[in-house]
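Asker: Sequence:
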Amino acid sequence: GEVICAAETAFLGLPKTGFFLKDGWNYVGKLRYIDFGLPQQYIEESESDLIMLSNDMLKPFLPRVVRSRNKYQAGYVVGLAGSPDMPGAAILASIASLQGGAGIVRLLYPDGMQQALASAPVELIKVPYKRADIGSIVEQLNKASANFIGPGIGCSPETLNMLQQVLPFLLKPCVMDADALTLWAQSEKPIQLPANTIMTPHLGEMKRLLKRDEDLTIDMQTLYICQEFVDKHQVTLVLKGGPTFILHPQEPVLVSPAGDPGMATAGSGDVLTGLLAALLAQGVTPHHAAALGVYLHGVAGEYAAEELTSFCMVATDILYHFPNAFR
23 GEVICAAETA FLGLPKTGFF LKDGWNYVGK LRYIDFGLPQ QYIEESESDL IMLSNDMLKP
83 FLPRVVRSRN KYQAGYVVGL AGSPDMPGAA ILASIASLQG GAGIVRLLYP DGMQQALASA
143 PVELIKVPYK RADIGSIVEQ LNKASANFIG PGIGCSPETL NMLQQVLPFL LKPCVMDADA
203 LTLWAQSEKP IQLPANTIMT PHLGEMKRLL KRDEDLTIDM QTLYICQEFV DKHQVTLVLK
263 GGPTFILHPQ EPVLVSPAGD PGMATAGSGD VLTGLLAALL AQGVTPHHAA ALGVYLHGVA
323 GEYAAEELTS FCMVATDILY HFPNAFR
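Numbered per this note's numbering, the sequence shown spans residues 23 to 349.
Don't read these hints as lab results, they were simulated from the structure. All of these numbers come straight from a predicted model, not from anything done at the bench. Warning: the hint list may mix true and false statements.
[Claimed, not checked] 20 Å max Cα-Cα, derived PhoX-like pairs, lysine-lysine:
hint, residue 1, residue 2
1, Lys165, Lys148
2, Lys194, Lys165
3, Lys165, Lys211
4, Lys211, Lys229
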């Protein structure tokens with residue numbers, strides 16, 4: 023029926039589940055909390071389908087900065103990303119890890135694309151690899167505090183074969199995104215995932231992961247199905263979109279109200295991947311890193327849109343506003 027398309031919705035006590043499902047997010051506008059005297063006791067005792075992220079909830083999860091730390095203690099990220107056709111995704115994820123607080127970032131890329139990565143920041147360490155040298159790839163990934171795998175890596179059979187041989191032997195927390203998710207879903211034989219893996223699919227990638235033919239709609243049934251996937255594979259799942267949901271084994275579903283429609287732009291997901299890897303490398307648990315990273319990414323997007331409008335912002339603008347988000 024008829025519905026108000028609001029610029030702002032004031033909610034009493036607690037946000038309502040319908041804000042975030044189906045087309046609800048397109049109609050509620052900005053959310054504003056109203057305290058009407060509901061005792062905290064009842065809030066704590068209530069059962070809810072979703073928990074909405076907030077500043078106060080996430081602030082304790084920020085990595086602690088120790089004055090005497092060195093760059094490795096600040097977090098060492100190694101990324102397996104990029105291909106000759108898609109160098110930008112690997113660069114965006116790598117910069118995001120550096121901007122997200124990692125002390126050192128090393129990008130493993132296919133040998134032969136040195137020229138395509140010439141524009142990468144000087145702070146980024148770039149190391150070529152050959153797909154046949156699986157032992158060296160695994161060794162370098164396991165030297166890190168955390169890994170990211172997938173941005174721009176491509177979906178060739180050779181890359182799938184490499185992931186089948188690499189993923190089962192990773193010992194460090196890992197963020198899997200983009201082409202790595204597609205290849206994992208396409209593999210005829212299941213590929214064992216590293217412990218403490220964060221997967222970051224959008225709806226189309228989630229459809230492939232679930233091996234479903236029909237498109238997914240954001241409703242409670244879809245979230246229940248995603249939760250079953252998470253519990254089965256023991257991963258943390260970031261279901262990207264407007265809004266974004268975070269699922270973790272045996273935990274309530276989290277939803278982030280932060281973000282802007284202008285973030286629907288190429289490379290935005292790669293930026294999130296790098297940020298999540300940086301938080302993992304700084305010792306944040308996968309569940310908390312996913313929640314904190316999604317929220318910071320969304321707030322940075324809001325700052326970018328405020329400055330540039332939702333029409334004109336691009337993925338690097340999200341990166342440039344990380345400092346505002348962290349503040």
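Asker: Give a verdict on every hint.
Answerer: Cross-check of the supplied hints:
no.: 1; hint: Lys165 / Lys148; verdict: holds, 15 Å
no.: 2; hint: Lys194 / Lys165; verdict: holds, 8 Å
no.: 3; hint: Lys165 / Lys211; verdict: violated, 27 Å
no.: 4; hint: Lys211 / Lys229; verdict: holds, 18 Å
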